[in-house]
Amino acid sequence: MANFDSGTSGGSRIVRRFRVITIIELSMLVVFAFLPLLLSVVWSADDSFFWIVFTTKVLILSLFGLSFDLVWGFGGMLSFGQALFFGGSGYVVAVLARDLDVSSAFIVIPLSVIVGLILALLLAAFLLVARKPPSLIFIALGSLTGAYAAERLARAWYYLGGQNGVSVTHPLTIGNIELYEGVGFYYLAFGFLFFVYLGCRFLVRSQFGLVLAGIRQQEERIKFFGYQVQTYKVIMFTLGGGIAGLAGGLYAFHEGFVWPTLMGPTYSTQAVLYVLFGGVGTLVGALIGVAAIEFATMFLADYFQNIWPIILGGLLLVVVVFRPTGLVGLLVSERERIGSFRWRGNKKEESGNE
Amino acid sequence: MALLEANGIRKVYGELTALDGAELTVESNQFHGLIGPNGSGKTTLLKCIAGAETVTAGTVGFMGDDITNNSAASRARSGMSLKFQITSVFDLLSVYDNVLLSLQADQPPWPLICSRTRRDLHSGVMNILQQFRLAAHADALAGELSHGQKQWLEIGMAMAPNPKLLLLDEPTAGMSPEERRVTGELLRPIKSTCSMLIVEHDLDFIKDMSDVITVLEQGRVLERGTPRHIESSERVQEVYVTRV
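If you read the protein sequences in the order shown, they are chains A and B. Residue numbering for the first sequence follows our numbering, starting at 1133 and increasing by one per position. Residue numbering for the second sequence follows our numbering, starting at 83 and increasing by one per position.
There's no promise every hint is true.
[Unchecked claim] Quick partial rundown of chain B residues pointing at chain A, CB under 8 Å, derived from the structure:
1) A154
2) A158
3) S170
4) D179
5) A187
6) T199
7) C276
The hints are simulated quantities; they were obtained by calculation from the structure and are not laboratory data. Note that CB positions come from ideal geometry on N, CA and C, so glycine has one too.
Just need the whole structure built from these sequences, with the hints factored in.
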């Protein structure tokens, strides 16, 4: 029994080991919460406006990255069609704004979530509910096909604007307030990301999250406990769809238009890369991945106008090959990544007899 | 009424007939040993009972219900618990979480999302860990345990949900003699609460543990009876002398 590094003395070590993610999370929270203020101090109004718009996009795409992380990093399903829900709901709210002048956040936001949920549920019914459990490749190719078909449909359908997509000319409204790009929209996106993140964090650290961790490690084994694995997968897949839908609705209004690529393989792949780069299986990894890739893209495109995709691709390859756990994996141990699900209510009382 | 009744079980893999009309009955609170030479179909029979394999022909009855076509998950929910042959603990989860995973399995997803039972199940988990001598390692990763401890954890996980029938596939495989003795000690008190079907190569262990032993040979039941009866059976001796 010499191979133990926990036990009595391990208690405090474990507590310490479980802190890194929290520190990263808190620092990101602080940075995002005060960024507009910070920018307005450092830069001129024009420059800081540019950065606020850019960061708003990062926040919205973080929701998108988070949705994929839930499905893959926690649900164990490689959804290569995550953009279907993102772009799909973007299109729905864009068309509604164009044809029916719907721009109230109280309709747009719930609707975009619902569209994402429904699309994901439909796809999950096809891909996940079968007598035999579907393979990773089947889910990946099935969802990829869905996204590809949606993109082709949008390109060819005149009603959806064809190649040009749909412009969203209305600003998002909350009561009488009109939200254009800028600080208002920034904090709207920040608020949604904050609460969605908290919800996801609660979920993946719950007893439900323990089942997910079990499914990821040994899907066959866990059935013999009596768990209905498919139910768990459908829940995660659908939830991921709903969050991607939320991101899509916000994105459509923030960018001012939607276009076919938004729901196709390109954006789906982008979601995969965000999460791979940042750190799959940690929620904060998705956020870091989005911020890092979006920032790197902009920076590289500025300085290396012609060859930036190659540099970015090389960078991604290096991280993915040498750090399968992503950037977060540099700081966070495997142990912390998976986490602990035990009840720690009366730890002091426990430590006496352990 | 017997707890478990498997009748006329046939299992064919391509050209190979693994089970050819095997019968097995386990009564309540009975420790039932299942032995036989290599390739006699012991593990296959256990898998057919647990739902890990579908039978080619025959029926499996559990507590009076025909469960032949039920999924493994549904069998588990009705009170059947399987310990795998090769230890399949969740290496990257803590020992504690392994047991919790097993204990909370009877709950639907929603209460699990709310972690409603995390607190209530705590003492249950600790009891299992203490019973199986793993309490000191509650926070260690299951992958860090020794082989014997992993086997105990497996048995503990199989026992955690208070099953009515425990299916053990080679619980002492790879264990030292001392670990085997402890395993026997850990298993014996279970008898008051549940029945057990054990597949095991260690004949001394199984004679020691079982009330009834069924001997399989080439997918069929060769002999069935008390350990003493089996020990003195010429047919069994013949098979073991010639085949093993």
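How the hints compare with the structure:
Interface hint at A154(B): satisfied, since its Cβ lies 5 Å from the closest Cβ of chain A, which is below the 8 Å cut-off. With a least beta-carbon distance of about 4 Å to chain A, the hint placing A158(B) at the interface is held under the 8 Å criterion. A distance limit of 8 Å between C-beta atoms decides the matter here; for S170(B) the minimum to chain A is near 5 Å, and the interface restraint holds. The beta carbon of D179(B) is positioned within 8 Å of a beta carbon in chain A (closest approach about 5 Å), and the interface hint is therefore held.
Because the smallest distance between the Cβ of A187(B) and any Cβ of chain A comes to about 4 Å, under 8 Å, the interface hint for this residue holds. A least Cβ separation of about 7 Å between T199(B) and chain A falls short of the 8 Å threshold, and the interface hint therefore holds. With 8 Å as the threshold, the beta carbon of C276(B) stays out of range of chain A, its nearest partner Cβ sitting at about 16 Å, so the hint is violated.
Taken one by one, the earlier hints fail for this structure only at number 7.
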